[in-house]
Structures are given as C-alpha cells and as structure tokens.
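Chemist: Sequence:
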Amino acid sequence: MTGSDEGAAVALDPTPRDQEDFAAFYLRVERPLTVALGTRYGPHIGREAAVDALSWAWEHWDRLRPMDNPSGYLYRVGQSQARRLRPRRPTRPHRDTDSTSVEEIVVEPGLDDALEALSVRQRQVVVLAHGYGCTHREIGSLLGLSPSTVQNHAERGLAKLRRRLEASRDG
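Mapping of the sequence shown onto my numbering: position 17 corresponds to residue 17, and the numbering continues sequentially without gaps.
By construction, these hints were calculated from the structure, which means they are not laboratory data.
Any given hint could turn out to be false.
Stated by the list, open to error - For each label pair, taking beta carbons as the anchor points, the in silico distance ranges come out as: (1) W56 <-> R163: 55 to 63 angstroms; (2) Y132 <-> V51: 31 to 39 angstroms; (3) A117 <-> H60: 57 to 65 angstroms.
What the hints assert, rightly or not - Straight-line C-alpha distance at most 20 angstroms; calculated EDC-like pairs for lysine to aspartate or glutamate: (4) K160 <-> E108; (5) K160 <-> D113; (6) K160 <-> D112; (7) K160 <-> E116.
From the three backbone atoms N, C-alpha and C, an ideal C-beta is built for every residue, glycine too.
Construct the complete structure from the given sequences, taking the supplied hints into account.
Modeler: What follows is the structure in structure tokens.
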C-alpha cells in the first residue's frame, strides 16, 4: 500500500466525533425530511427517498457538514431520489397541428355551456375520451372507476351533450 492509499483509507474511516455529529444531525433532520418528502411524493416514495438521502449524507458527511443549509441540500438530494423512484407516466403522442389548418377546425358555440350541464364525472370522462383520446381503461385507472362505469358515464354524457347541442341549434 502506498502512502496515498493509506490516506484514502483513513479518510473513509469516520472519527467518533464525526459519528456523534452525524447522529445529532440525523436525529434533528430525519423526521422533517421524511415528512416533507412524503408530503410531496407520497408516503412510500417519500420514506424511501429520505432513507436514500440520509445514506448519501453519511457517505458525504465531510462535504455536507460545513454547508450553510445541509438539511436543505439533503432535501434536494431526496427530491432527486424520489424522481428516480416515482413511476413514469406514459406520455401521449402530440397531435400534429400542422396537418389541420385553422380554417378546418370547427368549434361548436354551445359546447362550453353543454359541457357545464354535465355532472363532474361525465364531463371528466367525455373530455378525457373525446378531447384527449384516452381509452376507457386509462380513464378508469386515472379516476378510480371500472371500464364499464366509464362507459356508462361516457354514454350518458354524450347523450346529454347531443340533446343540449340540438336544443341550442333549434333555439
């Protein structure tokens, strides 16, 4: 072992004072960090992110300790960990707006009022299905409904929309 290798080995071995300082820091920061990350990312991901951040803090205690706001920095480490842990939402392909000219887009003048007349759930289902192209299964997953319930809301909502829009054209 060379002299530089020995220095690296000694630097990795924390002194009792480092351990005491870290233990005090841990006791002061662990609960608020876990609560803050849990509030932002949910209890499971928040807890795991806090554990990862505190592990990182122990490994980098010599860098973290002299900072002006080590708990704030550690929160940022936890945020990065939470983003890695959080499941990615599938992205929907963007519609090609260049393929449709502005003149080809038809807006029904009574649509806003007709949508307002729907129940909240019917409006959510109709807009997600017909405005954003989501499947009934995707909508059900998002809203906590079965696909058959989504189908019922869609059918009733569309029937109500048709009646309202026909009435607005006739009136």
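Chemist: All the hints need checking, so say for each whether the structure fits it.
Modeler: Evaluation of the provided hints:
1. Range check, W56 to R163: about 59 angstroms between beta-carbon atoms, so the 55 to 63 angstroms window is met.
2. For the pair Y132 and V51, the beta carbons lie near 37 angstroms from each other, so the given range of 31 to 39 angstroms is met.
3. Range check, A117 to H60: about 58 angstroms between beta-carbon atoms, so the 57 to 65 angstroms window is met.
4. Taken as a hint, the K160 and E108 pair is honoured in the structure, with Cα atoms around 15 angstroms apart against an allowance of 20 angstroms.
5. Restraint check for K160 and D113: satisfied, since their Cα atoms lie roughly 12 angstroms apart, inside the 20 angstroms limit.
6. Proposed proximity of K160 and D112 is supported: the alpha carbons are some 13 angstroms apart, at most 20 angstroms.
7. Simply put, K160 and E116 have alpha-carbon atoms about 11 angstroms apart, close enough for the 20 angstroms limit, and the pair holds.
Comparing the model with each earlier hint shows no violations; every hint is respected.
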